[in-house]
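Peer 1: Protein chains in written order, with the numbering used here: chain A, 1 to 319; chain B, 1 to 255.
Heads up, a few of these hints could be off.
[To be verified] Here are the simulated distance ranges between beta carbons:
hint : chain 1 : residue 1 : chain 2 : residue 2 : range
1    : A       : Gly-124   : B       : Gly-28    : 30 to 38 Å
2    : A       : Asp-237   : B       : Ile-232   : 40 to 48 Å
3    : B       : Gln-246   : A       : Ala-42    : 42 to 50 Å
4    : B       : Asp-236   : A       : Glu-185   : 46 to 54 Å
5    : B       : Glu-210   : A       : Ala-45    : 27 to 35 Å
6    : A       : Met-1     : B       : Gln-217   : 40 to 48 Å
7    : A       : Ala-42    : B       : Val-163   : 20 to 28 Å
8    : A       : Gly-124   : B       : Glu-26    : 25 to 33 Å
9    : B       : Thr-208   : A       : Val-80    : 25 to 33 Å
10   : B       : Ser-87    : A       : Ala-238   : 44 to 52 Å
11   : B       : Lys-2     : A       : Ser-211   : 40 to 48 Å
Read the hints as simulated data drawn from the structure, not as lab findings. Model, not experiment: these values are computed from the prediction. No residue lacks a Cβ here, since even glycine has one placed at the ideal position from N, Cα and C.
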Amino acid sequence: MKKVLVLTEVRDGQLRNVSLEALAAAQVLAEGGEIVAGVFGADAASHAQVLAQHGASTVYTADHQALVQYTPDAYAQALVQLIELASPDAIVLGHTAIGRDVAPRVAAKLGYGLVSDVTSLEAGPVFVRPIYAGKAFQQRKFVDGKIFITIRPNNIAIGTPDASKTAVVVPVDLEIKDLRTIVKEVVRKTSGKVDLSEAKVVISGGRGVKSAEGFQPLYDLAEVLGAAVGASRGACDADYCDYSMQIGQTGKVVTPDLYIACGISGAIQHLAGMSSSKVIVAINKDPEAPIFQVADYGIVGDLFEVLPLLTAEFKKVLV
Amino acid sequence: MKIVVVLKQTFDTEEKIVIQNGQISEDGVEVIINPYDEYAVEEAIKLKEEHGGEVTVISVGPDRVESSLRTALAMGADKAVLVDDESLFGDEYTTAKVLAAVANKIGYDIIIGGQMAVDSGAGQGGPRLAEELGINHVSTAVKLEVDGTTVRVERDVEGDLEVVETSLPVLITAQQGLNEPRYPSLPGIMKAKKKPLDRLGADDLGLTAEAVQAKTQIVDQTLPPKKQAGRILSGDLAAQTSELVQLLRNEAKVI
Numbered sequence: 001m002k003k004v005l006v007l008t009e010v011r012d013g014q015l016r017n018v019s020l021e022a023l024a025a026a027q028v029l030a031e032g033g034e035i036v037a038g039v040f041g042a043d044a045a046s047h048a049q050v051l052a053q054h055g056a057s058t059v060y061t062a063d064h065q066a067l068v069q070y071t072p073d074a075y076a077q078a079l080v081q082l083i084e085l086a087s088p089d090a091i092v093l094g095h096t097a098i099g100r101d102v103a104p105r106v107a108a109k110l111g112y113g114l115v116s117d118v119t120s121l122e123a124g125p126v127f128v129r130p131i132y133a134g135k136a137f138q139q140r141k142f143v144d145g146k147i148f149i150t151i152r153p154n155n156i157a158i159g160t161p162d163a164s165k166t167a168v169v170v171p172v173d174l175e176i177k178d179l180r181t182i183v184k185e186v187v188r189k190t191s192g193k194v195d196l197s198e199a200k201v202v203i204s205g206g207r208g209v210k211s212a213e214g215f216q217p218l219y220d221l222a223e224v225l226g227a228a229v230g231a232s233r234g235a236c237d238a239d240y241c242d243y244s245m246q247i248g249q250t251g252k253v254v255t256p257d258l259y260i261a262c263g264i265s266g267a268i269q270h271l272a273g274m275s276s277s278k279v280i281v282a283i284n285k286d287p288e289a290p291i292f293q294v295a296d297y298g299i300v301g302d303l304f305e306v307l308p309l310l311t312a313e314f315k316k317v318l319v
Numbered sequence: 001m002k003i004v005v006v007l008k009q010t011f012d013t014e015e016k017i018v019i020q021n022g023q024i025s026e027d028g029v030e031v032i033i034n035p036y037d038e039y040a041v042e043e044a045i046k047l048k049e050e051h052g053g054e055v056t057v058i059s060v061g062p063d064r065v066e067s068s069l070r071t072a073l074a075m076g077a078d079k080a081v082l083v084d085d086e087s088l089f090g091d092e093y094t095t096a097k098v099l100a101a102v103a104n105k106i107g108y109d110i111i112i113g114g115q116m117a118v119d120s121g122a123g124q125g126g127p128r129l130a131e132e133l134g135i136n137h138v139s140t141a142v143k144l145e146v147d148g149t150t151v152r153v154e155r156d157v158e159g160d161l162e163v164v165e166t167s168l169p170v171l172i173t174a175q176q177g178l179n180e181p182r183y184p185s186l187p188g189i190m191k192a193k194k195k196p197l198d199r200l201g202a203d204d205l206g207l208t209a210e211a212v213q214a215k216t217q218i219v220d221q222t223l224p225p226k227k228q229a230g231r232i233l234s235g236d237l238a239a240q241t242s243e244l245v246q247l248l249r250n251e252a253k254v255i
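For reference, chain B alone in the conformation it holds in the complex:
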């Protein structure tokens, strides 16, 4: 089975955001595999262990993304592809077109990605890529079973569970709860250094910057207004709870 994982590198979720001149500062920031994509990597490796085949991890992004691709290779993926050509960077429209060109070039039976990235939070990648490829998608999977060409997915739908059936080829997006991602082993980390990692650009993919030009633009990026320090209530607990209810009713007017 040809398994493709779509991965994005993101800031660690414990990082604070600093903005300089409308740009998010990357100074001293720890980067990680987007947590939802990490579930996708784990699921892909599990599928390979069960059914055989090959796992290729693909990403669009700057040079630094190599470290996250190497982590995925250390977990057990076989190959990686990084599109680090800045002329192919844009919005969600752009990225889906580029990823589709990569997927078509390397071939796939199943594609797995996170249900969203914790930085942009848009969640467009999976459904857009599936449509670009003309294949079906099932999002927010918490359980995945492949039997021949039959694919059975349990998906989280705003807290409810939906059981669906479809067939290969398909794109799946991973929701928290799908699995428990493994840590790379030391031999895995050593092996990952020698695993193939291809860097592709517009020419390799038969794309031009014009053909994938973004449909939207970032005008500005800002931090939310700082919250004023709140009030810690005092007195015995009964007095505090009674005061809190009055404050919520009369001052904050939310009850």
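Isolated chain A, as found in the complex:
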């Protein structure tokens, strides 16, 4: 039996899915032991019930001004104090912008190992993580010190909530000082859009979209499906879209339930970023395009003809 600490994340007032996935990972690691959760931010306590239903018996809340906006100094100090307070055997975070940034810093400070970007857990415990963006997988174990992992969004199934569970809420007074980063401005480019890393459906465009305007039919379909829109390196290099949309070995690795590749030939570096998706659909004019070799379903045709038809079909069945 182990004690596991999960640092959860709240975005736009909502607990992120990956935090519930982290609690599911914690259940496996705890082996019947105790799970405690940390939440930072103003309304931290309001998430305690959901965290309890997903296995947390204690929820530490920290309502500190310095934790409203992420900075490495503030979050590292807060997480170190949380670890000292809870004294866990294992620590789990999401492999998000925050998790991937603060976890290595805290691991270095406390002299811990860290296995990042874990996609599944095996007995031992052994942690499975993709390398070469998913072209291969690595099994890692800890040989010294505490277990400390970040988990990739969308890979570990969320457990069934138990409505009868409650948690003890413990407000903690953290000492946060000597901050060296000032956040001047945050430009929300993604507001109203679905986050690529957590999206259940991703629609992605390659050189075949031909222009920035060529992404419109992809966005039209995305709206119907509640999907995120991504791109291949070819489309980004050609300036059809922002690099933040790039999926591949350089760029983001995504593992949605459904990936629809439109006008993407399927270069190895792109396939690395998406081939672990559960179901892949390829739409391409070229029947020889390598993307068809990883696709579950393929349509050989012009994306500008296929996508409007597909959007109309989905509207029919989803409305």
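On the provided structure of chain A, position chain B as indicated by the hints.
Peer 2: This is chain B only, laid out in the frame that chain A set:
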């Protein structure tokens, strides 16, 4: 300004991965500077061009890494340090300790590295190294400005843009979009052959293998299961799209 670049050599991203006895095969594989580290090299050279100073590129890895360090020197870096002592190879914990010892030995005002390596994909190097050195870090930079000791960074945060200010000394990790790395010029390549490249080991750095021993171990490495060939639909496009929607709903059950 003393500018240090942390660099890793990786397989070319177009390479397929072959595993033999749990080991990644290096046979006939093209190697490159990790693409995110290449942005770091370019940014360092730009900083030097703007503010003066010296760019030192450092790496931990086997002998073959020299070729990538020479490429960085050909792009315009001044010096290179390679720690090729196998007793100092380990996990992310180990590498950060070794890089910190190198950085402390050569001195730095700013350290730049890639936001992750495209092979291991862990992204631990930057934040760990900054913590080992006791300095601040700013990750996934898409724009970097240094004015005196003030550092202004625009960073990519899951697609949003965050503008932050900090001061030297600092460690920055490079995100795609930070710059367009230059190609080494022919005179640059000639000059790079004569630029200093120091090889350091445990004794030079005052380290022992025990002091930097890995906290984690690789148990095994495997290839993902091969995907079965999929189905190419047929008929006119309207029939195909209608069939696809049915398949996604009823067979694949993802919609």
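Peer 1: It remains to establish, for every hint, whether it holds in the given structure.
Peer 2: Results of checking the hints against the structure:
| no. | hint | verdict |
| --- | --- | --- |
| 1 | Gly-124(A) with Gly-28(B): 30 to 38 Å | 34 Å, holds |
| 2 | Asp-237(A) with Ile-232(B): 40 to 48 Å | 28 Å, violated |
| 3 | Gln-246(B) with Ala-42(A): 42 to 50 Å | 46 Å, holds |
| 4 | Asp-236(B) with Glu-185(A): 46 to 54 Å | 51 Å, holds |
| 5 | Glu-210(B) with Ala-45(A): 27 to 35 Å | 45 Å, violated |
| 6 | Met-1(A) with Gln-217(B): 40 to 48 Å | 24 Å, violated |
| 7 | Ala-42(A) with Val-163(B): 20 to 28 Å | 23 Å, holds |
| 8 | Gly-124(A) with Glu-26(B): 25 to 33 Å | 28 Å, holds |
| 9 | Thr-208(B) with Val-80(A): 25 to 33 Å | 27 Å, holds |
| 10 | Ser-87(B) with Ala-238(A): 44 to 52 Å | 47 Å, holds |
| 11 | Lys-2(B) with Ser-211(A): 40 to 48 Å | 44 Å, holds |
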